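J.: For reference, the chains in residue letters:
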Amino acid sequence: MVTNVKDLKEFNLIVTGVGGQGSVLASHIVAEAAVKQGFKVRVGETFGAAQRGGKVHSHVRIGDMVYGPLCPSRSLDVLLGLEPNETLRLALKYANEETLIITNTRPVPSMDANIGADAYPDVSLLIEALGRLSGKMVSFDATELAVKAGNERTMNVVLLGALAVSGRLPFETESLREAVKDRVPPRTVKVNEAAFNLGCDQL
Amino acid sequence: MSVYEDAPGKRVLMLGNEAIARGAVEAGIQLGAAYPGTPSSEIMPYLADAAKELGFHAEWSTNEVVAFEVAAGAAVVGGRALFACKGAGLNVVMDMLMTLPYTGVRGGFVIVVADDPGAWYSSNEQDSRFAGLWAELPVLEPWDQQSAKDMTRDAFALSERLELPVIVRSCTRLSHASGDVCLGEIQKKRNEIVFDKHWKIPYRWNVYGPPGPIEKHRWQKEQMKKARGFVEGTSFNKHHEAENGSKVGVVTSGMASNYVQEALNRLEKRGSVHLLILGVPYPVPEKMIESFLDKVDTVLCVEEGEAFIERQLHQHVNRLGKNVKVLGRLSDGVMPAVDELDPDKVMSVLARFLDAEPPLSGEDSDVREELSEMVCARSSSWCAGCPHIGSFWALKRALPADKVNIINTGIGCYEMSGYGIAAAPIDAKDTDESTRWRAVTPYEMTDTLYVMGSETGLSQGQYHVGYRDGKIVSVLGDSSFFHTNLPPITNAVYNKAEQLILVLDNYWTCMTGHQPNPSTGVTLLGEETKAPSIEEICKALGVQHVKTVDPYNLKETIDAMKEALGHEGGPSVVVPRRVCALQRSRELRRQRQKAPHYVVNDGCTGCKICLWLGCPAIGFDESKTNAAGGKGVAFIDPLLCVGCGLCAQEEVCRFHAHDKVGEGEF
Numbered sequence: 001m002v003t004n005v006k007d008l009k010e011f012n013l014i015v016t017g018v019g020g021q022g023s024v025l026a027s028h029i030v031a032e033a034a035v036k037q038g039f040k041v042r043v044g045e046t047f048g049a050a051q052r053g054g055k056v057h058s059h060v061r062i063g064d065m066v067y068g069p070l071c072p073s074r075s076l077d078v079l080l081g082l083e084p085n086e087t088l089r090l091a092l093k094y095a096n097e098e099t100l101i102i103t104n105t106r107p108v109p110s111m112d113a114n115i116g117a118d119a120y121p122d123v124s125l126l127i128e129a130l131g132r133l134s135g136k137m138v139s140f141d142a143t144e145l146a147v148k149a150g151n152e153r154t155m156n157v158v159l160l161g162a163l164a165v166s167g168r169l170p171f172e173t174e175s176l177r178e179a180v181k182d183r184v185p186p187r188t189v190k191v192n193e194a195a196f197n198l199g200c201d202q203l
Numbered sequence: 001m002s003v004y005e006d007a008p009g010k011r012v013l014m015l016g017n018e019a020i021a022r023g024a025v026e027a028g029i030q031l032g033a034a035y036p037g038t039p040s041s042e043i044m045p046y047l048a049d050a051a052k053e054l055g056f057h058a059e060w061s062t063n064e065v066v067a068f069e070v071a072a073g074a075a076v077v078g079g080r081a082l083f084a085c086k087g088a089g090l091n092v093v094m095d096m097l098m099t100l101p102y103t104g105v106r107g108g109f110v111i112v113v114a115d116d117p118g119a120w121y122s123s124n125e126q127d128s129r130f131a132g133l134w135a136e137l138p139v140l141e142p143w144d145q146q147s148a149k150d151m152t153r154d155a156f157a158l159s160e161r162l163e164l165p166v167i168v169r170s171c172t173r174l175s176h177a178s179g180d181v182c183l184g185e186i187q188k189k190r191n192e193i194v195f196d197k198h199w200k201i202p203y204r205w206n207v208y209g210p211p212g213p214i215e216k217h218r219w220q221k222e223q224m225k226k227a228r229g230f231v232e233g234t235s236f237n238k239h240h241e242a243e244n245g246s247k248v249g250v251v252t253s254g255m256a257s258n259y260v261q262e263a264l265n266r267l268e269k270r271g272s273v274h275l276l277i278l279g280v281p282y283p284v285p286e287k288m289i290e291s292f293l294d295k296v297d298t299v300l301c302v303e304e305g306e307a308f309i310e311r312q313l314h315q316h317v318n319r320l321g322k323n324v325k326v327l328g329r330l331s332d333g334v335m336p337a338v339d340e341l342d343p344d345k346v347m348s349v350l351a352r353f354l355d356a357e358p359p360l361s362g363e364d365s366d367v368r369e370e371l372s373e374m375v376c377a378r379s380s381s382w383c384a385g386c387p388h389i390g391s392f393w394a395l396k397r398a399l400p401a402d403k404v405n406i407i408n409t410g411i412g413c414y415e416m417s418g419y420g421i422a423a424a425p426i427d428a429k430d431t432d433e434s435t436r437w438r439a440v441t442p443y444e445m446t447d448t449l450y451v452m453g454s455e456t457g458l459s460q461g462q463y464h465v466g467y468r469d470g471k472i473v474s475v476l477g478d479s480s481f482f483h484t485n486l487p488p489i490t491n492a493v494y495n496k497a498e499q500l501i502l503v504l505d506n507y508w509t510c511m512t513g514h515q516p517n518p519s520t521g522v523t524l525l526g527e528e529t530k531a532p533s534i535e536e537i538c539k540a541l542g543v544q545h546v547k548t549v550d551p552y553n554l555k556e557t558i559d560a561m562k563e564a565l566g567h568e569g570g571p572s573v574v575v576p577r578r579v580c581a582l583q584r585s586r587e588l589r590r591q592r593q594k595a596p597h598y599v600v601n602d603g604c605t606g607c608k609i610c611l612w613l614g615c616p617a618i619g620f621d622e623s624k625t626n627a628a629g630g631k632g633v634a635f636i637d638p639l640l641c642v643g644c645g646l647c648a649q650e651e652v653c654r655f656h657a658h659d660k661v662g663e664g665e666f
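Chains as they are written, first to last, in this note's numbering: chain A, 1 to 203; chain B, 1 to 666.
Worth flagging that the hints you see were computed from the coordinates, not collected in a lab.
There's no promise every hint is true.
Claimed, not checked - Beta-carbon label-pair distances, calculated as ranges: (1) B:G664 x A:L125: 35 to 43 Å; (2) B:E663 x A:P186: 24 to 32 Å; (3) B:P638 x A:G116: 20 to 28 Å; (4) A:N197 x B:G333: 17 to 25 Å; (5) A:G116 x B:G664: 32 to 40 Å; (6) A:R168 x B:K322: 48 to 56 Å; (7) A:E144 x B:G603: 27 to 35 Å; (8) B:E243 x A:D7: 35 to 43 Å; (9) B:R438 x A:K136: 23 to 31 Å; (10) A:R168 x B:R228: 36 to 44 Å; (11) B:A401 x A:R168: 53 to 61 Å.
If you're wondering where the values come from, they're calculated on a predicted model, not measured in any experiment.
Ideal Cβ placement from N, Cα and C applies to all residues, glycine included.
Using the sequences and the accompanying hints, generate a full structural model.
T.: The following block contains the structure:
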């Protein structure tokens, strides 16, 4: 935990997933919590032209020595993955031997896999690879937990719950919980809170 | 809320485009106009939020030049106006952009252009700062959200001081990135809206009015000289001196300046270089550059885009007779020649330049290379239920299969008919006859793809020069129809060019994020308005054959396209019309209605033809036995399927292996 916001030099997080899963929203929730704490914050989004189904990753950078919106290679403190194949794609470039990876295990096959142009990897192999590329790796079926919470679309918030209790964020669990409540549609606060709590229990 | 929140000093997280809108609001903007173009598209919706609250006009115009002229009109009568576009959009504006500066403006006129280095959402990666040099207008280049807000705000005052438009150049990594911004005061005072035909100069708003264009051009050059005082004094330009008597310098601007500063910090070289960050890349501050050049013997230029400052630096080194070596994009092997910059690229450029050790080591690169083979490709695709899936399936069936047809496509979601899937490598050859290529993925229909409106004109050239080895088709969308397709369609009628024109009308400008356009019948501010009829316009232009179809009805659509392809003596138009599937899904959610979905039944023979629709909801399970006794059956993801029913039609699955589950229609 950082007590003086000027003491934090650089914290790098990437949230990755497939278009429509809510990775951009998840990254903004973390960033808004950080702004509220007084940190300097940058968020960079990278996605293709498609509305849905494309690969998306959103960089969240917090700290006094942060200038640009993009994380350098192998600079991540945390990689939050909403889809395991995409988690591996990003881990290969950005993770290092100290990175914490938190990933959903539920695959979303790509069009390339559907038409047989490429093969979707076995999930257990994906998880094993993520273990090799990180300092600590936590994986669970966040989609199932979101369904349990009451809405599959809260899967991103389940992962935020896990991130909140990971001990890696430069602010308290409660700050992230509040940021979730502030950002989600008012009538979904309850289900999102349930999702957040289920995520908290995974670590 | 924060785009018009009256809370000076409050720190908020803002998207770059939101910060630009906020800057305009703080300056007391009186009119905003734009045509959507990623990465600039969010500026106008943010301004629209403020427009409703603060009571000014903001609009989506039918194209960039119309938007530019709407904004220019406001500035001519003294209002503060903002025009926003993407890099490519500025090209559409060139005629007026080159001429308006001769008369200048009365109210502040800010031109925001968001370039797209790396061509994430664009047909090119042009550096629009050159437009400032060409049109002789100041260019401001923010590097983060705070400077984007502040520069946009200050650009209005600068524009009024010079009586000239001012360009603010953003880029994807600024417009589509967020950062903490400290809000400033919102100026409550508004400019008076007045008109004076001879304001300060005779026939002020008429380039031909005496003293005529040459004298007005002379006036413009004198006004630009007044910009010099601003650029020498502004805190947007910064010179950080080296601490240790170093003779090495780095000149940078905009987004690149962030990568440079981070790399210098990581390399622990921050104090060992003279760092010049130019917030105003045109005109450059000559005195500041002179004093910078006094202190260095070698300079590296790091810019996002082309060698814009670098070229000016060479000019000043020559003018001053300095013995300074300038390195950058114009030097061989110093900077990457193309593509956007990023922290890694700039780190490696700076490490080489400063002869320092980059912190990134590659000791486990073998492991990474091995594991990278596991990652499955994820190409862009249409959304499940996209009406374009039906339109292109029908087009494929309607065209003569033994001919080399040419499909000229414009800009919109339908362009994915040309690049959606990373296909097998193409063995390109130099041929001397028309060549048929077998598509190996569902996303290989489009043959030519350039810019908005190019499709209908290209078709005519192909026809008139005598191309007869296949049919010629132009594919455009509803927003493109109103954007730049009325003149080429008129031309096709006038000059009797035979082609099939498909106007894929889904009521929204979807690819840039579902902005309304004339086909929607709703304005930027959400007000209902008259939706002109595409069919009636085509008929009025003289198109003899115009037909409307439902792209969810494949038989009807195939038949209509076949008939239109047989039309002779001029262009024919088919309008496949269906609302965007994402918008339809949202509407159903709002109404708390559930759409049906489809499942694959026991009749599936594993023929895979439905996979060729290119619908992301349809997959293939190799492990199951199919009705033909072989391995593999298609399956439909019930969460992705919207229930459009395309896959269940005879024209796709002749085995009737797709069943509807649930009631109602999508």
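J.: For every hint, state whether the structure bears it out.
T.: Results of checking the hints against the structure:
no. : hint                        : verdict
1   : B:G664 x A:L125: 35 to 43 Å : holds, 42 Å
2   : B:E663 x A:P186: 24 to 32 Å : holds, 30 Å
3   : B:P638 x A:G116: 20 to 28 Å : holds, 22 Å
4   : A:N197 x B:G333: 17 to 25 Å : violated, 55 Å
5   : A:G116 x B:G664: 32 to 40 Å : holds, 33 Å
6   : A:R168 x B:K322: 48 to 56 Å : holds, 50 Å
7   : A:E144 x B:G603: 27 to 35 Å : holds, 31 Å
8   : B:E243 x A:D7: 35 to 43 Å   : violated, 24 Å
9   : B:R438 x A:K136: 23 to 31 Å : violated, 49 Å
10  : A:R168 x B:R228: 36 to 44 Å : violated, 50 Å
11  : B:A401 x A:R168: 53 to 61 Å : holds, 58 Å
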